[in-house]
Amino acid sequence: MVLVMIRTAILFVVLLVIMRLMGKRQIGEMQPFELVITLLIAELACIPMADASIPLLYGVISVVTIYVLHEIVTLLDLKVKPLKALISGKPSLVVNKNGIDDYQLKRNNLDVSDLIESLRSAGYFSLDCIDYALYESNGTFSALPKENYEAMQTSLPLVVIDNGTYDEKNLALTGLPRSFFDNVLRQENIKSVKKVLVLTADGEGKLYLQAKGKKFKVLHVRYPDGATW
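For what it's worth, this note's numbering labels the leading residue of the sequence shown as 1, then goes sequentially.
Be careful, since some hints might not be right.
[Claimed, not checked] Listed below are the simulated PhoX-like cross-link pairs for lysine-lysine, each with C-alpha atoms no more than 25 angstroms apart in a straight line: (1) K212 x K194; (2) K169 x K195; (3) K169 x K194; (4) K169 x K206; (5) K215 x K191; (6) K217 x K191.
Because the hints were derived from the structure by calculation, they are not lab data.
Construct the complete structure from the given sequences, taking the supplied hints into account.
Below, the structure is given as structure tokens:
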């Protein structure tokens, strides 16, 4: 028991020193290769910590080796620009002046709901209130809002159509029939809901509509019977 405690304490000190040497980035800000290295270090440290039959030196050498590899990859990432995109990836512009870039979303295994969730976390509730949005190579989200974006967010939008499919839960929350939105699509010469990338509706009659491969439109409509939410 005492031996295990001593081995654990030694590995703890070694890991603490190694992690301090690796830099001050927080887990959420790590590049992909840094996260992989961190996971490897944790796994390598657990083996000699849990199995007293494995020489402690093996664990220490493995952790130090991973640290050396980290420094080599970091140096390549900083000094060799062509390798930077390969090692760390590059930012993905998912919203531009034309609206949502569905191709960039798919490249990052994301969908419109993920994007809207990221926007809400950043304090932006309407898709039309931002000019640009991107995911950084380390996974963090950034957005450039329009100058008067706060005035454009007077009611919470609901996603009514997401990638060609009605969201039945949100449709029910609006209190509006599907036929109302079908009529909106027909008026915009969109023959099928399958051709819609996203349609959001807020409580004041503002619709954000973007057909697949097209530029978005902001529509202002009157809901039947003056419905609001």
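So, going through the hints one by one against the coordinates:
Between the alpha carbons of K212 and K194 the distance comes to roughly 9 angstroms, so the proposed pair stays at or under 25 angstroms and holds. Pair hint K169 plus K195 holds up; C-alpha atoms about 20 angstroms apart against a cutoff of 25 angstroms. Proposed proximity of K169 and K194 is supported: the alpha carbons are some 18 angstroms apart, at most 25 angstroms. About 19 angstroms separates the Cα atoms of K169 and K206, which keeps this hinted pair within 25 angstroms; it holds.
Of the supplied pair hints, the one linking K215 and K191 holds, its CA atoms being roughly 16 angstroms apart against a limit of 25 angstroms. A distance of roughly 16 angstroms separates the Cα atoms of K217 and K191; the hinted pair therefore holds under the 25 angstroms criterion.
In this structure, none of the earlier numbered hints is contradicted; all agree with it.
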